[in-house]
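For the protein sequence lines, the chains are A and B, in the order given. Each residue of the first sequence is one higher than the one before, starting from 57 at the first, in this note's numbering. Each residue of the second sequence is one higher than the one before, starting from 494 at the first, in this note's numbering.
Keep in mind that the hints were calculated from the coordinates and are not lab data. Hints are not guaranteed to be accurate.
[To be verified] Residues from chain B shown here face chain A by an in silico Cβ test under 7 Å; the list is partial: (1) Leu592; (2) Val607; (3) Ser667.
Bear in mind the structure is a predicted one, so any value in this text is a computation, not a measurement. Just so you know, even glycine gets a beta-carbon here, dropped at the ideal spot from N, CA and C.
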Amino acid sequence: MNDAVMIGIKVVGVLAAFLTLPLLVGQLEHKAMAHMQGRLGPMYAGGFHGWAQLVADGVKFVQKEAVIPTAADANVFRLAPAVALLPYLLVLVVIPLGPGTVAEALDAGLFFALAVTGVGVVGMLMAAWASANKYSLLGGLRGAAQLLAYELPFVLAAASVAMAAGTLSLVGIVEAWTPWWLLWQAPAMVIFFVAGMAEIRRPPFDMPLADSELVFGYLTEYGGLRFAFMLLAEYVGIVVVCALTTVLFLGGWRGPFLSEDLGPLWTVLKIFALSFLVIWARVAYPRLREDQLQRLAWQGLVPIALGQLVLTGVVVSVNS
Amino acid sequence: MDPDRATTSGARPERCGWLSVRTTLSMRTAAEGPADELADAPSYLNVTGSELVFVLIGVITLGAALLCVTSRNVVRAALWLVVTLGGLAGLYLVLTAELVAIVQILIYVGAVVVLLLFGLMVTRAPIGRQPDLNTTNRPVAIVVAVAAFGLLVAALIDAFRFAYLDLHIAGQGSPETIGSALFGSWVLAFEVLSVLLLAALIGAIAVTRRDVGAQGRR
Chain A
57 MNDAVMIGIK
67 VVGVLAAFLT
77 LPLLVGQLEH
87 KAMAHMQGRL
97 GPMYAGGFHG
107 WAQLVADGVK
117 FVQKEAVIPT
127 AADANVFRLA
137 PAVALLPYLL
147 VLVVIPLGPG
157 TVAEALDAGL
167 FFALAVTGVG
177 VVGMLMAAWA
187 SANKYSLLGG
197 LRGAAQLLAY
207 ELPFVLAAAS
217 VAMAAGTLSL
227 VGIVEAWTPW
237 WLLWQAPAMV
247 IFFVAGMAEI
257 RRPPFDMPLA
267 DSELVFGYLT
277 EYGGLRFAFM
287 LLAEYVGIVV
297 VCALTTVLFL
307 GGWRGPFLSE
317 DLGPLWTVLK
327 IFALSFLVIW
337 ARVAYPRLRE
347 DQLQRLAWQG
357 LVPIALGQLV
367 LTGVVVSVNS
Chain B
494 MDPDRATTSG
504 ARPERCGWLS
514 VRTTLSMRTA
524 AEGPADELAD
534 APSYLNVTGS
544 ELVFVLIGVI
554 TLGAALLCVT
564 SRNVVRAALW
574 LVVTLGGLAG
584 LYLVLTAELV
594 AIVQILIYVG
604 AVVVLLLFGL
614 MVTRAPIGRQ
624 PDLNTTNRPV
634 AIVVAVAAFG
644 LLVAALIDAF
654 RFAYLDLHIA
664 GQGSPETIGS
674 ALFGSWVLAF
684 EVLSVLLLAA
694 LIGAIAVTRR
704 DVGAQGRR
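Chain B extracted, bound-state conformation:
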C-alpha cells in the first residue's frame, strides 16, 4: 500500500460517519497500521456473545432479503421486507446504536412498508403466486445489482477495514450523542437532506395534481 493512500484512508473515518465523532470510540484505522490494531482489538477467533448474535441476526436478515426478492407474491415479498428491515434494526441494536435502531423501525416498518402495502393492496394484491412478476430486464437488473453490491462492499472495506467498535462504552449510540453529532458536525448535510425531501414532497404534489392547473386554464 502506498503511503498517500494509507493516509487518506486513515483520515476517512474522521469525516465519514457519526460513529467517529466521539473521541471515546476506539477507531483503529489503516494509518495506525494493522499491527497496532491486532494488539488492541480481540482476535476474530475469540468470539463474544454479541458477535455471535450479530452474525445470527445477519443470517436472518440476509435470508429474509433473499426471500423478499425471490418471492412469487408481491405482498409476501413486502412482508419479508418487514423482516429484513427489522433484522437491520436488530443489527444496529447489537452495535449499541439504539436510536438508529428505533428510527429504523419507526420510519421503515411503521411508515414505508405500510405505505408500500397500502399501495399494493389498492392496485394489485392477489392471493397466491403471480407468474408475471419477472420482467424482461432481468439480466440488466442482475448486472446493476452485482455492480452496486461490489461497489458498496469495496467502499466499506476500504473505509472501515481496521475499524473496531468497542461495545462496552455506554451511551455511544444514545439520542444525545447522535443529536449533538447531527446538529453539530453534520448540520449542513442534515439541512441539504431536508431541502431534498421538501423538493421531493412538492414534486409529488405537482405530479399528482396536474388536473388543478388544467381546470384553472379552462
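This is chain A alone, in the form it adopts within the complex:
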C-alpha cells in the first residue's frame, strides 16, 4: 500500500513537471523575446501581463478541426505526435531534482536519458513522411541529417562526465560533482548544450522547420491538438536538455549554500537560467545553413569532444 502511494506521488509529480515546466518556458519565451525585440508580448489573457496566454492557446488548439491530408498515411500521421512527445516524458522520470527527489534513480540513468531522447526523432521522421508533402519530407530529411551529426558530440560530451564521475547514474554524477568541473569540463558542457539544442531543433538549428523556406518543415500539415503536441514536444525538449545539462555539468541540486534544504529550488533555478539562454540564442543568432550546420558538428564539436574525452581520461587516471 505504502509503495503504491509512493508510486502515485511520483507519477503525479512527473506529470505535473511535464505539464507545467514547458508552459513556463513557453511563457518566458513569449515575454523575453518580446522585450528583446522592444515589444510587450501577450498582455491580455488572464490579466496580469498575459500570464494565461498559453492556456488560452491550448483551449484554441483543442477546438480546432483535426485535418488529415487525403494522401497522407493516416495511422502513421496520427501516431507521430505521441512518438515525438512520450520519450521526453520518460526522460523526466530519471532526472533528479534534489537529494533523494527523483522518480526513479536508474543505475544507467545517463544512458537511459540519451537513448530515449534519440527515439523522439523517429516521431519527427514519421510526421515528415506520413504528411505526403514535399516540404514535410525535406524538413524530415534535414532533421535526420542533423540528428545523425549532433548525436555523436552529444553522447561523447556526456561520456566525458560519466568518466569524470565514475558512474552512469545521474544521482551519482551530481554527488561526484565539484566546482572544478565548471572549469575542466567546460568544453564538454558547451558541446552538450549546443548539440542538445540542435537535437531538439531549436533556433539557430531549426533547418528542419525553416519557416522561410519549407513553410513549416515536418509540421506543415499538422494542425489543432496534434500540432499543439508537436510544439509541446519542443518545449519539453528544452526542459529536458536544460535539466540534463544542469545535472551533468552544473551540479544539479548543489548550490552555493543550503544545498540539502533548497536542492530542488537550485535545480529548477539552473534549468530556467539555461532555458533563458536557449531563448536568447533564438533571438540573437540567424538560422544556420545546412552546410554550416554539418560543418559545425563534424569539424567543430566532434574533435573538441574527443579532445575533452582524452583530457578527462588523463585527469581521471592520474588522480586514481
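Since the structure of chain A is provided, determine the placement of chain B on it from the hints.
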C-alpha cells in the same frame, strides 16, 4: 547423449556469454544433468509474472517482425522494425539486462533505424503500397532464411537447453557487471570488433570518395 558431448556442452556456457561470467548466476547445464536442474529451477507449469510478460513481449516482437517483412510499404516496414527492436529491448529488460536494453534502444532505434529511414526518404519513399517490392530471388531467400533460423535455434538449444537465469539476483545486468566482463574476459573480442568496425568505416569512405583519387590523377 554420449559423455564427451555432454562435457563440451556443459563447459560451453563458461566460454560463450557474459551472463555466465558472474559466479552468482545459477546456470544449470547439461553436465550437471536434467535431474539437478529440475530440482532447482521452478517448473514450466508454475508461471511467474515476469515469464508471462516475457512471453507477451515476445509475441508482440514476433508479430512486428512478421509485419516488417510482409509490409507492402518500405517506410512502414522500417517503422515495424522500430517496434521489433523496441520489443527486443523489452525482452532484455525482463531478463534484468538493463544496460543491454538501453544500448539496444540507443544504437538500433536511435541511430540505425534513423539512418535507414533517412536513406529511404532520400531515395524512394512513396506513400501507399508498392507492388514491385518482391524480388525474383524469393525462393532462395526463403531457403536461406529457414536454414539460418534452423541453425540459430539448434545452436541456442544445444548451448542453453538447461540454462536457468535467476531474475531475483540484483545487479547481474548492471553497467558495472557488463563493463568488467567486457573489459576483463572479453577484451580481445572487443578489440577485434573495434578493428572490424574501423575497417568498415574506412571502407565506406573509400567506396564513396572514389572521385577524390581520380581528380588527383588528372
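Exercise. Output the numbers, in ascending order, of every earlier hint that fails for this structure.
Key: none
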